[in-house]
Amino acid sequence: MVANYKQGTRVFEIDFMLTADRKVVARHEWTASMSEQLGQLDQLPKEKQGARLTHEEFMETPILERYQPMDVDAVMDLMASVPDIYIVTDTKEQKDEDIRLLLTELTEAALARDPALLDRVVIQIYNETMLDMVREIYPFSSIIYTLYATKDSPERIIEFVKANHIDAVTMPEHRVNPNFVAKLKDAGAVTYVHTINDANTVNNYEKWGVYGVYSVLLTEPELEKISLR
14 MVANYKQGTR VFEIDFMLTA DRKVVARHEW TASMSEQLGQ LDQLPKEKQG
64 ARLTHEEFME TPILERYQPM DVDAVMDLMA SVPDIYIVTD TKEQKDEDIR
114 LLLTELTEAA LARDPALLDR VVIQIYNETM LDMVREIYPF SSIIYTLYAT
164 KDSPERIIEF VKANHIDAVT MPEHRVNPNF VAKLKDAGAV TYVHTINDAN
214 TVNNYEKWGV YGVYSVLLTE PELEKISLR
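Count along the sequence shown from 1, then add 13; that gives the number in our numbering.
It should be emphasised that the hints constitute simulated quantities derived from the structure, not laboratory data. Beta carbons: idealized from backbone N, C-alpha and C, even for Gly. Be aware that one or more of the hints could be misleading.
List time: in silico DSS-like cross-link candidates among lysine-lysine, alpha-carbon distance up to 25 Å [unchecked claim]:
(1) Lys196 - Lys175
(2) Lys238 - Lys220
(3) Lys164 - Lys105
Taking CB as the label site, the calculated pair distances span [to be verified]:
(4) Leu77 - Lys220: 23 to 31 Å
(5) Pro167 - Arg126: 23 to 31 Å
(6) Lys164 - Leu77: 32 to 40 Å
(7) Lys175 - Arg79: 40 to 48 Å
With the sequences and hints as input, model every part of the structure.
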């Protein structure tokens, strides 16, 4: 995060999960393949390599032998110390009670430091019912509806966005088309596409009216240089 911040990035999507003792940490999944990608196989006993770690185990197992794993407190400490970082949540838990606990713990961690931090937390929702859950926890100022997990039709999505004043919609490439983007804009939402790492592809989507992209490689200053907007 620090390295990409120095390159000009200000908005970070962060995957959040619960540990075995139900603490919130920044983690994509609890699998052996993920432990391998993070260079942790030699640091973990075999039975832990694909298992949900405890908070202590997670925090004490470096990533690629050099990076410090982050829990929700570390994320909030970073946001408190750097006043122009925004985060977009990607809650990887599947059960409603786990998602509720995760978002509640995130909210409380922010409130314990500075309630204004929550103005820089953008919540991603994955279905219509999750919006009610989020609003019960805290009145977040920004919501993104991400479409990768829903099978709802474009018409249903547009109706939901308009009725609930959703700020933004993000979608995988196979769902994006100019007509859908235009109707979402009319409903009050900007459109993002994920995951795009090619500048020419960004330009093509901008011609369709797409507002922005999620990227692993492209920085915000790079995108501003090529932007048609």
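Okay, the hints, checked on the actual structure:
The suggested pairing of Lys196 with Lys175 holds, with an alpha-carbon distance near 10 Å, which does not exceed 25 Å. Between the alpha carbons of Lys238 and Lys220 the distance comes to roughly 15 Å, so the proposed pair stays at or under 25 Å and holds. The hinted pair formed by Lys164 and Lys105 meets the criterion: a straight-line CA distance of about 18 Å does not exceed 25 Å. Distance hint check: the CB atoms of Leu77 and Lys220 are about 38 Å apart, inconsistent with the given range 23 to 31 Å.
Remark: the range hint 23 to 31 Å for Pro167 to Arg126 is contradicted by a beta-carbon distance near 40 Å. Distance hint check for Lys164 and Leu77: the Cβ-Cβ separation is about 36 Å, which falls inside the suggested range of 32 to 40 Å. The hinted window of 40 to 48 Å between Lys175 and Arg79 holds, with their beta carbons roughly 47 Å apart.
Violated hints for the displayed structure, listed by number in ascending order: 4 and 5.
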